[in-house]
Amino acid sequence: NLLLLVRPQKSGLGSAITDGFRSFLSLKKVPEFVVTMDADYSHNPADLPRLVSSVGGGCDLAIGSRYCKGGKIEGWPFARKVISRGANAIARGILGLKLHDCTSGFRCYSTSLVKKTIGYLHSQTYDIQIETVKQAHSQVFKIKEVPILFVNRKRGKSKLTLLEIENYLSYIFKTLLMPAKPKNSL
Numbered sequence: 182n183l184l185l186l187v188r189p190q191k192s193g194l195g196s197a198i199t200d201g202f203r204s205f206l207s208l209k210k211v212p213e214f215v216v217t218m219d220a221d222y223s224h225n226p227a228d229l230p231r232l233v234s235s236v237g238g239g240c241d242l243a244i245g246s247r248y249c250k251g252g253k254i255e256g257w258p259f260a261r262k263v264i265s266r267g268a269n270a271i272a273r274g275i276l277g278l279k280l281h282d283c284t285s286g287f288r289c290y291s292t293s294l295v296k297k298t299i300g301y302l303h304s305q306t307y308d309i310q311i312e313t314v315k316q317a318h319s320q321v322f323k324i325k326e327v328p329i330l331f332v333n334r335k336r337g338k339s340k341l342t343l344l345e346i347e348n349y350l351s352y353i354f355k356t357l358l359m360p361a362k363p364k365n366s367l
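Take the sequence shown: its letters are residues 182 to 367, numbered as in our numbering.
Think of the hints as simulated: they come from the structure by calculation, not from any bench. Watch out, some of these pointers could steer you wrong.
Listed below are the simulated DSSO-like cross-link pairs for lysine-lysine, each with C-alpha atoms no more than 30 Å apart in a straight line [unchecked claim]:
| id | residue 1 | residue 2 |
| --- | --- | --- |
| 1 | Lys296 | Lys279 |
| 2 | Lys279 | Lys262 |
| 3 | Lys279 | Lys323 |
| 4 | Lys323 | Lys209 |
| 5 | Lys279 | Lys209 |
| 6 | Lys296 | Lys262 |
| 7 | Lys325 | Lys297 |
| 8 | Lys191 | Lys262 |
| 9 | Lys210 | Lys191 |
Starting from the given sequences, assemble the full structure and let the hints guide the process.
Below is the structure:
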């Protein structure tokens, strides 16, 4: 039960996630859940059953949260924690949500949420995390946070740059404040 979607070039996290969503929705037997996670073991695969059971138990989006009660981060420098907390505070404030971690990429989505929101997803970058939360909330899907331990990667380096921060702020203030319009979904 493994589907490998190979993309010829890097086109950003947002397009990778929406391409993955479209691939799953095009299958003859559409899966009940779709999970996104980092492949560098920052997200522990042992946490998957808790995310999936949350969606199976009635919510539509389970977010592996570093910041809700019981969630933790291990190995991040102080500056990175400040940037992440700040990004979440801005997103929470603008979206009017009580979530603690809007930017976590460790998630389980119900297929019904993916089907209903995919036409509204436009982000090509990390902003996809905020955009999916915005769409889930605006379309009255139930969102739940599941505490996780996020461990800083052992290899490779973060793609977080000043340009990414600038793009994030631009996205927040331009896109999230305007109502989303659907695009062609499949």
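Status of each hint after checking the structure:
1. A C-alpha spacing of about 24 Å is found between Lys296 and Lys279, which places the hinted pair at or below 30 Å, so the restraint holds.
2. Simply put, Lys279 and Lys262 have alpha-carbon atoms about 19 Å apart, close enough for the 30 Å limit, and the pair holds.
3. Using a Cα cut-off of 30 Å, the hinted pair Lys279 and Lys323 holds, with the two alpha carbons roughly 12 Å apart.
4. The hinted pair formed by Lys323 and Lys209 meets the criterion: a straight-line CA distance of about 26 Å does not exceed 30 Å.
5. For a cut-off of 30 Å, the pair hint linking Lys279 to Lys209 is broken: about 37 Å separates their Cα positions.
6. Restraint check: the Cα-Cα separation between Lys296 and Lys262 comes to about 33 Å, which exceeds 30 Å; the hinted pair is violated.
7. A threshold of 30 Å between alpha carbons decides the hint, and for Lys325 with Lys297 the separation of about 18 Å falls inside it, so the pair holds.
8. Between Lys191 and Lys262, the direct Cα distance comes to roughly 26 Å. Compliance with the 30 Å bound is thereby established for this hinted pair.
9. For the suggested pair Lys210 and Lys191, the alpha carbons sit about 28 Å apart, so the restraint of at most 30 Å is met.
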